[in-house]
Amino acid sequence: SQTIHQWPATLVQPVGSPLSLECTVEGTSNPNLYWYRQAAGRGLQLLFYSVGIGQISSEVPQNLSASRPQDRQFILSSKKLLLSDSGFYLCAWSVDRGLYEQYFGPGTRLTVT
Amino acid sequence: QKEVEQNSGPLSVPEGAIASLNCTYSDRGSQSFFWYRQYSGKSPELIMFIYSNGDKEDGRFTAQLNKASQYVSLLIRDSQPSDSATYLCALGEGGGADGLTFGKGTHLIIQP
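The listed protein sequences correspond, in order, to chains A and B.
For the first sequence, my numbering begins at 1 and goes up steadily by one.
For the second sequence, my numbering begins at 114 and goes up steadily by one.
A few of these clues could be false.
DSSO-like mimics (lysine-lysine), calculated; alpha carbons at most 30 Å apart, straight line [unchecked claim]:
| hint | chain 1 | residue 1 | chain 2 | residue 2 |
| --- | --- | --- | --- | --- |
| 1 | B | K180 | B | K115 |
| 2 | B | K217 | B | K115 |
| 3 | A | K80 | B | K169 |
| 4 | B | K115 | B | K155 |
| 5 | B | K217 | B | K180 |
| 6 | B | K180 | A | K80 |
| 7 | B | K169 | B | K115 |
| 8 | A | K79 | B | K217 |
| 9 | B | K217 | B | K169 |
| 10 | B | K155 | A | K79 |
| 11 | B | K217 | B | K155 |
| 12 | B | K169 | B | K155 |
Covered by chain A, per the in silico footprint, the following chain B stretches (three or more residues, Cβ under 8 Å) [unchecked claim]:
| hint | region |
| --- | --- |
| 13 | 124 to 133 |
| 14 | 158 to 164 |
Please keep in mind that the hints were generated in silico from the structure rather than gathered at the bench.
Nothing here was measured: the structure is a model prediction, and the numbers come from that model.
By construction, the Cβ of each residue, glycine as well, lies at the ideal position given by its N, Cα and C atoms.
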């Protein structure tokens, strides 16, 4: 069965500091990978998705970036965090089962102070 | 821009009754529809998906889709206190790996 991991689970960072969140998937090959953010009072917002190593699509212009160095690894980064970057960051995966339904990891709760 | 609308609630339903959650969407090109359950402080969990007009049943859950009216609903029969959560409606264009568009969710409370 497939498993998705995210770390860290919680993070408190000062404004202007860098960020690196990691997501890994086990039990499947060539997954599509996604980063979403859920801010207080807002719905899930798609940030990036990737259909393969080195292939990144950005949905929202911002000070965040994503990379996919390995087939089952997806990294979300920032060089300088803003207060508005606070939120619940969720990684998800999908494979071609006809509908590409997505399954979420446990998430990282980020607070920028 | 795709929009997904849900009543934020809270929707309060007595235990054992049917909970009805509704979702409307703006993009007629949407092909696939998903319902996720999210407990407070946790990540969303996929509970149902549907892509054809009509009803789809899975245990106590029934998803209903009406593409002409751009309307998706989720019915929960024999509601239990453990069903208390926020329910997120999401849509995708189908046939591809693009991300999903989510509504803000409906907060459901099952009263014992």
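Hint check results:
| no. | hint | verdict |
| --- | --- | --- |
| 1 | B/K180 - B/K115 | holds, 15 Å |
| 2 | B/K217 - B/K115 | holds, 13 Å |
| 3 | A/K80 - B/K169 | violated, 46 Å |
| 4 | B/K115 - B/K155 | holds, 26 Å |
| 5 | B/K217 - B/K180 | holds, 20 Å |
| 6 | B/K180 - A/K80 | violated, 43 Å |
| 7 | B/K169 - B/K115 | holds, 24 Å |
| 8 | A/K79 - B/K217 | holds, 29 Å |
| 9 | B/K217 - B/K169 | holds, 23 Å |
| 10 | B/K155 - A/K79 | holds, 27 Å |
| 11 | B/K217 - B/K155 | holds, 15 Å |
| 12 | B/K169 - B/K155 | holds, 26 Å |
| 13 | 124 to 133 | violated (count 0) |
| 14 | 158 to 164 | holds (count 4) |
Consistency note: the structure conflicts with the earlier hints numbered 3, 6 and 13.
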